[in-house]
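Engineer: Sequence:
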Amino acid sequence: MALFSVYLPNRQTNIRKDRVENAYFVRDGFCWLAFFVPLIWLLAHRMWRWFLIVLVFDVVLGILGARFGLASAFITLTGLLAMLFVGLEARHWYGLALERRGFTLADIVQADTLEEAEYRFYEHIAFARPPAPPTHLPQPPRGYGVIGLFPSQGSR
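Using our numbering, read the sequence shown as starting at 13 and increasing by one per residue.
Since the hints were made in silico from the structure, they are not lab data.
Here are the in silico distance ranges between beta carbons for each label pair: (1) A140 / S84: 48 to 58 Å; (2) L73 / D119: 31 to 41 Å; (3) Y36 / A94: 21 to 31 Å; (4) Y36 / W60: 10 to 20 Å; (5) G114 / R39: 15 to 25 Å; (6) A138 / T88: 44 to 54 Å.
Don't be surprised by glycine CBs; every beta carbon is placed ideally from N, CA and C.
Model the full structure from these sequences, guided by the hints.
Structural biologist: Here you go:
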């Protein structure tokens with residue numbers, strides 16, 4: 013089973029139905045697509061900061077390899093390690109990007125597929141009841157002495 017993080021839009025919309033319908037489900041774990049084509053994946057998910065970091069890393073690696081005559085095996089291995097890092101962190105970065113866009117982490121759902129995660133989340137939302145307000149509030153005790161540094165009640 014996998015874990016899915018559920019992100020809901022900002023609370024600016026007062027209608028709960030609209031917020032829940034626009035939920036994003038982000039699966040936790042390795043992202044193969046981000047591993048094989050990291051720059052395209054980052055662009056497709058509008059993560060400009062990480063796109064620029066990975067692009068600069070690739071360009072600097074290419075320049076250093078050409079300038080200093082680094083072995084092609086070293087350059088390939090370093091590029092693969094960078095791709096592995098992007099594949100491992102891509103979904104976490106996507107969750108952080110959603111939070112920067114105003115989404116909040118609403119729930120974490122355990123499921124095998126995305127459809128099952130959506131079903132479990134919406135089922136939980138449908139049957140969730142708001143907490144009942146208390147019927148009466150207990151009165152604070154009176155006349156049990158003074159708490160604090162004052163020697164008697166009412167003195168200043």
